[in-house]
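2 protein chains.
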Amino acid sequence: METLAAYKAHLREIGKLNSALTLLQWDQRTCLPPKGHEARAETIGKLAKIVFELGTADKLGRYLEKLEAEDDLSLEDRASVRVVGKDYRRHKAIPPSLFERFAVARSRSESAWEKARAASDFQSFQPHLEEIVDFARRFAEYYGYKENPYDALIEGFEPGMTGREVRGVMAPLRERLVPFLKQLLAEGARPDTSFLRGSFSADRQRALSLRALGAMGYDFAAGRLDTAVHPFTSSTGPNDVRVTTRFVENDLLSSLYSSLHEGGHALYDQGISPELQWTGLDEGASFGIHESQSRLWENMIGRSLPFWTFFRPILTQVFPELSSPSADALWRAVNVVEPSLIRVEADEVTYNLHIMLRFELEDGLINGKIAVADLPDLWRDAMGRYLGVTPTDDASGVLQDVHWSAGLFGYFPSYMLGNLYAAQLFATLQEETPDLDARIARGDFALLRGWLQDRVHHFGKVHEPKELVKRVTGKEPDSAYFLSYITRKYSEVYRLAERG
Amino acid sequence: METLAAYKAHLREIGKLNSALTLLQWDQRTCLPPKGHEARAETIGKLAKIVFELGTADKLGRYLEKLEAEDDLSLEDRASVRVVGKDYRRHKAIPPSLFERFAVARSRSESAWEKARAASDFQSFQPHLEEIVDFARRFAEYYGYKENPYDALIEGFEPGMTGREVRGVMAPLRERLVPFLKQLLAEGARPDTSFLRGSFSADRQRALSLRALGAMGYDFAAGRLDTAVHPFTSSTGPNDVRVTTRFVENDLLSSLYSSLHEGGHALYDQGISPELQWTGLDEGASFGIHESQSRLWENMIGRSLPFWTFFRPILTQVFPELSSPSADALWRAVNVVEPSLIRVEADEVTYNLHIMLRFELEDGLINGKIAVADLPDLWRDAMGRYLGVTPTDDASGVLQDVHWSAGLFGYFPSYMLGNLYAAQLFATLQEETPDLDARIARGDFALLRGWLQDRVHHFGKVHEPKELVKRVTGKEPDSAYFLSYITRKYSEVYRLAERG
Numbered sequence: 001m002e003t004l005a006a007y008k009a010h011l012r013e014i015g016k017l018n019s020a021l022t023l024l025q026w027d028q029r030t031c032l033p034p035k036g037h038e039a040r041a042e043t044i045g046k047l048a049k050i051v052f053e054l055g056t057a058d059k060l061g062r063y064l065e066k067l068e069a070e071d072d073l074s075l076e077d078r079a080s081v082r083v084v085g086k087d088y089r090r091h092k093a094i095p096p097s098l099f100e101r102f103a104v105a106r107s108r109s110e111s112a113w114e115k116a117r118a119a120s121d122f123q124s125f126q127p128h129l130e131e132i133v134d135f136a137r138r139f140a141e142y143y144g145y146k147e148n149p150y151d152a153l154i155e156g157f158e159p160g161m162t163g164r165e166v167r168g169v170m171a172p173l174r175e176r177l178v179p180f181l182k183q184l185l186a187e188g189a190r191p192d193t194s195f196l197r198g199s200f201s202a203d204r205q206r207a208l209s210l211r212a213l214g215a216m217g218y219d220f221a222a223g224r225l226d227t228a229v230h231p232f233t234s235s236t237g238p239n240d241v242r243v244t245t246r247f248v249e250n251d252l253l254s255s256l257y258s259s260l261h262e263g264g265h266a267l268y269d270q271g272i273s274p275e276l277q278w279t280g281l282d283e284g285a286s287f288g289i290h291e292s293q294s295r296l297w298e299n300m301i302g303r304s305l306p307f308w309t310f311f312r313p314i315l316t317q318v319f320p321e322l323s324s325p326s327a328d329a330l331w332r333a334v335n336v337v338e339p340s341l342i343r344v345e346a347d348e349v350t351y352n353l354h355i356m357l358r359f360e361l362e363d364g365l366i367n368g369k370i371a372v373a374d375l376p377d378l379w380r381d382a383m384g385r386y387l388g389v390t391p392t393d394d395a396s397g398v399l400q401d402v403h404w405s406a407g408l409f410g411y412f413p414s415y416m417l418g419n420l421y422a423a424q425l426f427a428t429l430q431e432e433t434p435d436l437d438a439r440i441a442r443g444d445f446a447l448l449r450g451w452l453q454d455r456v457h458h459f460g461k462v463h464e465p466k467e468l469v470k471r472v473t474g475k476e477p478d479s480a481y482f483l484s485y486i487t488r489k490y491s492e493v494y495r496l497a498e499r500g
Numbered sequence: 001m002e003t004l005a006a007y008k009a010h011l012r013e014i015g016k017l018n019s020a021l022t023l024l025q026w027d028q029r030t031c032l033p034p035k036g037h038e039a040r041a042e043t044i045g046k047l048a049k050i051v052f053e054l055g056t057a058d059k060l061g062r063y064l065e066k067l068e069a070e071d072d073l074s075l076e077d078r079a080s081v082r083v084v085g086k087d088y089r090r091h092k093a094i095p096p097s098l099f100e101r102f103a104v105a106r107s108r109s110e111s112a113w114e115k116a117r118a119a120s121d122f123q124s125f126q127p128h129l130e131e132i133v134d135f136a137r138r139f140a141e142y143y144g145y146k147e148n149p150y151d152a153l154i155e156g157f158e159p160g161m162t163g164r165e166v167r168g169v170m171a172p173l174r175e176r177l178v179p180f181l182k183q184l185l186a187e188g189a190r191p192d193t194s195f196l197r198g199s200f201s202a203d204r205q206r207a208l209s210l211r212a213l214g215a216m217g218y219d220f221a222a223g224r225l226d227t228a229v230h231p232f233t234s235s236t237g238p239n240d241v242r243v244t245t246r247f248v249e250n251d252l253l254s255s256l257y258s259s260l261h262e263g264g265h266a267l268y269d270q271g272i273s274p275e276l277q278w279t280g281l282d283e284g285a286s287f288g289i290h291e292s293q294s295r296l297w298e299n300m301i302g303r304s305l306p307f308w309t310f311f312r313p314i315l316t317q318v319f320p321e322l323s324s325p326s327a328d329a330l331w332r333a334v335n336v337v338e339p340s341l342i343r344v345e346a347d348e349v350t351y352n353l354h355i356m357l358r359f360e361l362e363d364g365l366i367n368g369k370i371a372v373a374d375l376p377d378l379w380r381d382a383m384g385r386y387l388g389v390t391p392t393d394d395a396s397g398v399l400q401d402v403h404w405s406a407g408l409f410g411y412f413p414s415y416m417l418g419n420l421y422a423a424q425l426f427a428t429l430q431e432e433t434p435d436l437d438a439r440i441a442r443g444d445f446a447l448l449r450g451w452l453q454d455r456v457h458h459f460g461k462v463h464e465p466k467e468l469v470k471r472v473t474g475k476e477p478d479s480a481y482f483l484s485y486i487t488r489k490y491s492e493v494y495r496l497a498e499r500g
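Quick note, the sequences are listed as chains A and B, same order.
Per our numbering, residue 1 is the first one in the first sequence, and the count goes up by one each step.
Per our numbering, residue 1 is the first one in the second sequence, and the count goes up by one each step.
Be careful, since some hints might not be right.
Same chains, same names: a pair is fine if it fits in one copy or spans any two.
With a cut-off of at most 30 Å between alpha-carbon atoms, the simulated DSS-like pairs for lysine-lysine come out as follows [claimed, not checked]:
hint, residue 1, residue 2
1, K35, K8
2, K59, K369
3, K66, K182
4, K49, K59
5, K59, K46
Just so you know, the hints here were simulated from the structure itself, not pulled from any lab data.
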């Protein structure tokens, strides 16, 4: 197996340079002084070019061809060949000259989007978005698909998943969530959140985030917490996984929940088997599976009553001014439901409705059934139907997300799938762990973390998302778990049963 | 001039990757979590290999050959060809297999040194050092030299300088400093330093360092201050120059003077002409010239009476407990002279004596006149003669510096030359600026900084160190300036005149 050794050595070279790239990008968003950005972009560009060249090298193509014909590869080696081979072919599928033109158009489109959003002026962005949609459609043709060109784009974020499947899990959500939201707002008892008003220093917010991350079992000897305008997690391998958060002075929950969310991502990356480092498998199974881990910690744990039973004394230690509300009151307050215009501020009940809207528009755009010019109206219309709120300008409507300006079509479904996977995994975990709530209530997360690591994190990209979910839960991805979780929890938070 | 364009493009590629390497190394010393070091070393190794390959590419050799024959290159392009060509030939001179063996031996030697120093056990380190000295002697033969193999090594740090010249400027220093030190200690009035005792929080020390760096004119939009065990400055270009310091709770001066020192290095790197970035000339003229800038700010400015006239109100603002001592008392206290065993803790008067000792031993080692086994005794003997103190163990003697374990022979002279260059540059600056003291006393550093930038920083590596000193001061490097500065200043600090 000389080929296998040469193949692995080649992936290690790529992996090391990717680690360098990741660090350069982490630094760009956390440490880099303002004047350093121009030169940094050039350095990143140069390194990215080397990585791209190594990832599309003919040599790699030959290794893949030979290894794909091998029968006796280990599970991991077969997975590596699958994952690397898929990326190789997707990269090779796009003619370099087309990709170069796209890179230029994307850069212009991103700047145009920034200006358009600031001025709430969709028209100035429209021609750029038309160009980008056109590129995305051409890419889909080059990548290939069976049924729907949109599938070829979803594949880049959620391997093995199709638009038809997303639509399948989405239908019951729409059917159930839209009326449930109306019921909550009409009949429910909105939690009191008044005691969360105040001014909270960044230092103390930071201390609270550190306590939360520590309790989760985030390994600070293999990571660190920094601040960033848009919080993110960055990993160069299981031994260096960095989280970021941001501190909003009058919003204590913003940094805490962002830390729990990023902490969930980070536990995933810290939990990937070290043996997978630089093999092409040292990442999460998909964007959706990664998001399932962040949402599980942020919402299913972090917004649960047992969590607040455990965390309330820590909160009041750091913020003595918050000593009055009980664990129950805190739990209700962090679960307030508020239909809003902005996806990233959405609560658990409304979040997926934001995604549905985007999914439908993307699907239409890529299939040529929706014209870019019609997006603002379609957006307003869907917001009204799903959430009962209507943006009065495009900045808080169709221009709010960066994704489309950068050509990231097919990404949004992963946000929704993350919530569904999380609920499905959590249901299995609860079934297997009758005393889970009691453990959480005393801050004992070891079993929970170990379970997630053994069943999910450990494998990196070895299994495709659907396969992974089925291995762990015994079932195909199904939105029933999420619906049951949401309706049960929010009926309690909003005291629907008591009232009904 | 197609060759020139291709040559420059090649250097830009190297430059960008070197910027990535610099950032990886900065992060390694400031941010990297403990468990991340192993993978980081591999990433750095991979990137360093690519940079080395590009820097020794045959293509580059052909460009250099053609450009060296060109008559009409600009001053900067000629300098680039000189500097890059020299590095190219030095790298090519060493057979790759020898260099690889050296890299392995160095890595072993560095670990052995760490253990040996911790145990104060020279014998366990001796065979490693013998091996490293042997490599250094072979390298010197490969590099080539006219008179003294040691010259070939000095050249790597101080281009155009020889052992003979270093000996030339050193002789008057030894002759004058050894008796002057004795006189100071015997007849001088040791300054009172008792008021500097106390406990000073890292936060306040940091605030003070930020004030000092701000006053110097360090551009925080093109840099930042972090902490590191061994403070250093890191530059990926004039728009991203980062300084570090460390906070010792009971030693306020340690962080302040380390910040002034690194700030001096940083002003140099921020002041290099942006047009030189990634041309091979975007560094200081030499290690010695670089050190001249750090020592000038640390000592000639930062340990002057005018500086303390300006800085005392800032100090007492941050540390109200230090309100009693006058500017004069503070100035004297920061200039206390104390012969000590450790170079990095040495004051201005004794520092160069530490270097002399190392210079003489290095010269002997590389010329085969001194055996490694004799170093501990020779060290003790010289310490007694020059400084009047004798180490009782090797940890505070011959094992104190990391340099030799890493094969860095020829580096030490630059530390001394830095002090001499600084004094010579400063003498010229004073001559041209009669009101310099008054400006410093009111915290107006703009003219001083501008002068250094115009005369020194701006040029990067365009001029060799001796040439640069001559351009600015009109004279060859001469130790008379330093001697005059030291004897005048310390006679005052120690009130020799008043007493004598």
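Problem - Broken hints, by number - result: Numbers 2 and 3 - these are the hints that the structure violates, sorted from lowest upward.
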